[in-house]
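Undergrad: FYI, in this note's numbering the residues of the sequence shown are 1 to 69.
If you are wondering where the hints come from, they were derived from the structure by calculation, not from laboratory data. Among the clues, some could well be false.
[Said to hold, decoys possible] Distance windows between CB atoms, simulated:
#1 61 - 40: 27 to 33 Å
#2 13 - 65: 22 to 28 Å
#3 61 - 34: 40 to 46 Å
#4 65 - 32: 38 to 44 Å
#5 51 - 19: 27 to 33 Å
[Stated by the list, open to error] Below 35 Å or equal to it, Euclidean Cα-Cα: the simulated DSBU-like pairs (lysine-lysine) are:
#6 56 - 66
#7 66 - 5
#8 56 - 5
#9 67 - 56
#10 67 - 5
#11 5 - 61
By construction, the Cβ of each residue, glycine as well, lies at the ideal position given by its N, Cα and C atoms.
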Amino acid sequence: MESIKAISLMVLWTVLSLYALHYLGAFENFRNPYLIVPISFSLLGIHMFNMFIYFKVGGNKPYEWKKLN
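Construct the entire structure; sequences and hints are all you get.
TA: Set out below in C-alpha coordinates:
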(Lines of atoms letter the chains of each structure in order from A and count residues from 1; the text may use other names and numbers.)
(Lines give C-alpha, C1' and ligand atoms only; values in the text may rest on other atoms or scores of the structure.)
Protein backbone atom coordinates (compact mmCIF):
# COMPACT_ATOMS: atom_id res chain seq x y z
CA MET A 1 0.00 0.00 0.00
CA GLU A 2 2.88 2.36 0.70
CA SER A 3 4.16 1.89 -2.83
CA ILE A 4 0.80 2.96 -4.26
CA LYS A 5 0.85 6.10 -2.08
CA ALA A 6 4.41 6.86 -3.15
CA ILE A 7 3.66 6.37 -6.83
CA SER A 8 0.57 8.58 -6.63
CA LEU A 9 2.58 11.32 -4.89
CA MET A 10 5.29 10.98 -7.54
CA VAL A 11 2.71 11.37 -10.31
CA LEU A 12 1.23 14.42 -8.58
CA TRP A 13 4.67 16.03 -8.12
CA THR A 14 5.68 15.30 -11.72
CA VAL A 15 2.46 16.71 -13.19
CA LEU A 16 2.69 19.88 -11.09
CA SER A 17 6.36 20.33 -11.95
CA LEU A 18 5.84 19.81 -15.67
CA TYR A 19 2.89 22.20 -15.59
CA ALA A 20 5.13 24.82 -13.96
CA LEU A 21 7.80 24.27 -16.63
CA HIS A 22 5.13 24.56 -19.33
CA TYR A 23 3.78 27.75 -17.73
CA LEU A 24 7.30 29.23 -17.68
CA GLY A 25 7.78 28.36 -21.34
CA ALA A 26 10.56 25.84 -20.91
CA PHE A 27 9.25 23.57 -23.66
CA GLU A 28 9.17 26.38 -26.21
CA ASN A 29 12.65 27.64 -25.31
CA PHE A 30 14.58 24.38 -25.07
CA ARG A 31 16.69 25.32 -28.11
CA ASN A 32 17.97 28.47 -26.43
CA PRO A 33 21.58 27.73 -25.42
CA TYR A 34 21.28 29.83 -22.25
CA LEU A 35 18.22 27.92 -21.04
CA ILE A 36 19.37 24.39 -21.81
CA VAL A 37 21.31 23.95 -18.56
CA PRO A 38 18.62 25.31 -16.17
CA ILE A 39 15.91 23.27 -17.88
CA SER A 40 18.10 20.16 -17.70
CA PHE A 41 18.84 20.72 -14.02
CA SER A 42 15.15 21.24 -13.28
CA LEU A 43 14.26 17.94 -15.00
CA LEU A 44 17.06 16.21 -13.09
CA GLY A 45 15.77 17.76 -9.87
CA ILE A 46 12.24 16.52 -10.60
CA HIS A 47 13.59 13.01 -11.10
CA MET A 48 15.72 13.10 -7.94
CA PHE A 49 12.80 14.39 -5.87
CA ASN A 50 10.65 11.56 -7.29
CA MET A 51 13.23 9.07 -6.03
CA PHE A 52 13.27 10.82 -2.64
CA ILE A 53 9.45 10.62 -2.45
CA TYR A 54 9.44 6.94 -3.38
CA PHE A 55 12.03 5.87 -0.81
CA LYS A 56 10.67 8.14 1.96
CA VAL A 57 7.01 7.16 1.55
CA GLY A 58 7.37 3.68 0.08
CA GLY A 59 10.32 2.61 2.17
CA ASN A 60 12.96 0.18 0.97
CA LYS A 61 10.38 -2.44 0.08
CA PRO A 62 9.77 -2.51 -3.69
CA TYR A 63 6.37 -2.78 -5.32
CA GLU A 64 5.21 -6.40 -5.38
CA TRP A 65 3.34 -7.53 -8.46
CA LYS A 66 0.38 -9.80 -7.96
CA LYS A 67 1.17 -13.37 -8.95
CA LEU A 68 -1.11 -15.16 -11.36
CA ASN A 69 -1.96 -18.72 -10.42
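Undergrad: Taking the hints in turn, state whether each one holds.
TA: Hint check:
1. 61 - 40: 27 to 33 Å: For residue 61 and residue 40 the Cβ distance comes to about 32 Å; the hint holds.
2. 13 - 65: 22 to 28 Å: Holds, at about 23 Å.
3. 61 - 34: 40 to 46 Å: 43 Å, holds
4. 65 - 32: 38 to 44 Å: This hint holds: roughly 43 Å between Cβ atoms.
5. 51 - 19: 27 to 33 Å: 20 Å, violated
6. 56 - 66: 23 Å, holds
7. 66 - 5: Holds. Residue 66 to residue 5 sits at ~17 Å (cutoff 35 Å).
8. 56 - 5: Judged against 35 Å, a Cα distance of about 11 Å means the pair holds.
9. 67 - 56: 26 Å, holds
10. 67 - 5: 21 Å, holds
11. 5 - 61: 13 Å, holds
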